[in-house]
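Trainee: Take a look at the letters that make up each chain.
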Amino acid sequence: MKRDVIVAVSFLLAFLFIAYAVTVENVLGLGGTELRPLGEFYLSHSFAHEGLTSHSPEVVTAIVWNYRGFDTLFETFVFFLAIMGAFSVLRLTSEQEKIVKELEASEPHRHMDLITRAITKLVVVMIVAISASIALHGHLTPGGGFQGGSAMAVASLLLFAVFSKFTIERKGLTVKHTVSAYALGLALILATVLAPVFLYGGKVLEINLLPGEMGLFNLDVGEYLAVTFGFLTVFLVLGVSEWIFKTVLRGEVDD
Amino acid sequence: MIDFLLAYITLTLFGMVFLGIYGVVTRSNLIKKIIMLNVLGDAVNMLFILIGYRLVFPVFPPIYEEHLSFEEFLSRAVDPVPQALVLTAIVIGMAMNILLTTYAIQFYRLHGTVDARDIAEIMGGENE
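Residue numbers (the numbering used here), protein chains in the order written: chain A, 1 to 255; chain B, 1001 to 1128.
Looking at chain A on its own, in the form it has when it is part of the complex:
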């Protein structure tokens, strides 16, 4: 009890101290009208100057893929590791997959009513169009591969909620397909990153050597594919019904 009081008081004191420093002393430099020199450098060098530019009027994308390209590359790697970590935690052996398939086939085919299904079909088409536009214009407008992919993940979540995992898998979209598409997106990113080395004798990630806006465009499309199908993979694996999963796990225990 006494420890709780000490913790609460120290929290309050720290909060008051930081609040004083930020609002009265303005240590963060909030509310100025001047740009910081670093921001000014990026704003003035990303498009307006000839030579070493990233061919993108969108300065944030230019920073993300050109000035801090390695950072973004490793961020994609971290995302890949997280997806694969989730995938391996929820993994099933091929025998267990077979049991899951049988149990899912025996499950009565439930679905939501007609209005929900019809509206969802419409909305999903719209979300797919918008996410594609976010991703494909990522080098010209706010947005990019990750944002488009996240929007697309929302569409797949909607499909999961209204139809079911079973319906989607019966239409032909299984984990194998999503993992393959994920690998395809990553391969596109890798090819774009390595293309300057083999085609123009440059260095890794020197995408301004590629003609026009091709480098940024390819990276955005690759990231879009990777994020969309990475999420779909996790959703498909998570989408196994609770009782089916428990039955399978119990079978494992009994053996």
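Just so you know, the hints here were simulated from the structure itself, not pulled from any lab data.
Given the structure is predicted, the values throughout are model-derived calculations rather than measurements.
No residue lacks a Cβ here, since even glycine has one placed at the ideal position from N, Cα and C.
One should not assume that every hint holds.
[What the hints assert, rightly or not] Subject to a maximum C-alpha distance of 20 Å in a straight line, what follows is the list of computed SDA-like cross-link-like pairs (lysine to any residue): (1) A:Lys246 <-> B:Ile1122; (2) A:Lys246 <-> B:Lys1032; (3) A:Lys246 <-> B:Lys1033; (4) A:Lys246 <-> B:Ile1119; (5) B:Lys1033 <-> A:Val7; (6) A:Lys246 <-> B:Tyr1108; (7) B:Lys1032 <-> B:Ile1098; (8) A:Lys165 <-> B:Gln1106; (9) A:Lys246 <-> B:Val1114; (10) A:Lys246 <-> B:Ala1104; (11) A:Lys246 <-> B:His1111; (12) A:Lys246 <-> B:Thr1113; (13) B:Lys1033 <-> A:Ala8; (14) A:Lys165 <-> B:Ile1098; (15) A:Lys246 <-> B:Tyr1103; (16) A:Lys246 <-> B:Leu1110.
[Said to hold, decoys possible] Some chain B residues flagged as far from chain A (calculated, every beta-carbon gap over 10 Å): (17) Leu1030; (18) Lys1033; (19) Met1036; (20) Arg1054; (21) Val1056; (22) Thr1088; (23) Ile1119; (24) Met1123; (25) Gly1124.
Chain A is already provided as a structure; the job is to place chain B on it using the hints.
Mentor: Here is chain B on its own, set in the frame of chain A:
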């Protein structure tokens, strides 16, 4: 007025940061812990975006357009660096979320609880 608003928003964000830390420390339900971690991360991201903002009117997004003169663009555009950093932070946060929720779900399936005290008991640790 604008100074007051800025100070108000900043204080609110710092309040959210402390609320997030408090929630992560005190809640024992793993899902609540993850939610509070998200509150914490979002507050920090918002604070970052706020640092890059400039008090000029009208303020432009950092996208160069043809009809703008370059000096005008430089004098009106917001700082792009915090936005790029937050973009990275959001992706990492998302990856962290996927992993944490997956572990929580799998633990619930295997042991039927997401309470940190029960988990400590199941794992054979000390339970205060």
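Trainee: It remains to establish, for every hint, whether it holds in the given structure.
Mentor: Here is what the structure says about each hint:
1. Of the pairs offered as hints, the one joining A:Lys246 and B:Ile1122 holds, with about 19 Å between alpha carbons and a cut-off of 20 Å not exceeded.
2. At roughly 24 Å between alpha-carbon atoms, A:Lys246 and B:Lys1032 are farther apart than 20 Å, so this suggested pair is violated.
3. Using a Cα cut-off of 20 Å, the hinted pair A:Lys246 and B:Lys1033 is violated, with the two alpha carbons roughly 25 Å apart.
4. Restraint check: the Cα-Cα separation between A:Lys246 and B:Ile1119 comes to about 19 Å, which is no more than 20 Å; the hinted pair holds.
5. Distance restraint check for B:Lys1033 and A:Val7: the Cα-Cα separation of roughly 18 Å lies within the 20 Å cut-off, and the hinted pair is therefore satisfied.
6. Distance hint between A:Lys246 and B:Tyr1108 is fulfilled; the C-alpha atoms sit about 11 Å from each other, no more than 20 Å.
7. Between B:Lys1032 and B:Ile1098, the direct Cα distance comes to roughly 15 Å. Compliance with the 20 Å bound is thereby established for this hinted pair.
8. The hinted pair formed by A:Lys165 and B:Gln1106 meets the criterion: a straight-line CA distance of about 18 Å does not exceed 20 Å.
9. Note on A:Lys246 and B:Val1114: the hinted pairing holds, with a Cα-Cα distance of about 16 Å set against a maximum of 20 Å.
10. For the hint linking A:Lys246 to B:Ala1104, the alpha-carbon distance of about 15 Å falls within 20 Å, and the restraint holds.
11. A threshold of 20 Å between alpha carbons decides the hint, and for A:Lys246 with B:His1111 the separation of about 11 Å falls inside it, so the pair holds.
12. In summary, the hint linking A:Lys246 to B:Thr1113 is supported, as the alpha carbons are separated by about 14 Å, within the 20 Å threshold.
13. Restraint check for B:Lys1033 and A:Ala8: satisfied, since their Cα atoms lie roughly 18 Å apart, inside the 20 Å limit.
14. For the hint pairing A:Lys165 with B:Ile1098, the CA-to-CA distance comes to about 19 Å; that is within 20 Å, so the pair holds.
15. With a CA separation close to 16 Å, the supplied pair A:Lys246 and B:Tyr1103 stays within the 20 Å bound.
16. Between A:Lys246 and B:Leu1110 the CA atoms are separated by roughly 8 Å; this keeps the pair inside 20 Å, and the hint holds.
17. At roughly 14 Å, the least C-beta separation between B:Leu1030 and chain A is larger than 10 Å, which holds for a residue marked as non-interface.
18. Listed as outside the interface, B:Lys1033 is consistent with that label: its C-beta sits roughly 17 Å from the nearest C-beta of chain A, beyond the 10 Å cut-off.
19. With a least CB separation of 14 Å from chain A, B:Met1036 remains clear of the 10 Å interface cut-off, as annotated.
20. Residue-level check failed: B:Arg1054 sits 6 Å from the nearest beta carbon of chain A, not beyond 10 Å.
21. Annotated as non-interface, B:Val1056 brings its C-beta within 10 Å of a C-beta of chain A; the closest such distance is 5 Å.
22. A cut-off of 10 Å between C-beta atoms contradicts the statement that B:Thr1088 is not in contact with chain A; the least separation is 5 Å.
23. At the 10 Å boundary, the C-beta of B:Ile1119 stays outside the reach of chain A, the nearest C-beta of that chain being 16 Å off.
24. Even its closest Cβ contact with chain A, about 16 Å, leaves B:Met1123 beyond 10 Å, as expected for a residue assigned away from the interface.
25. Distance to chain A confirms B:Gly1124 as a non-interface residue, since its nearest Cβ pair spans about 19 Å, more than 10 Å.
Checked against the numbered hints given earlier, this structure breaks hints 2, 3, 20, 21 and 22; the rest are met.
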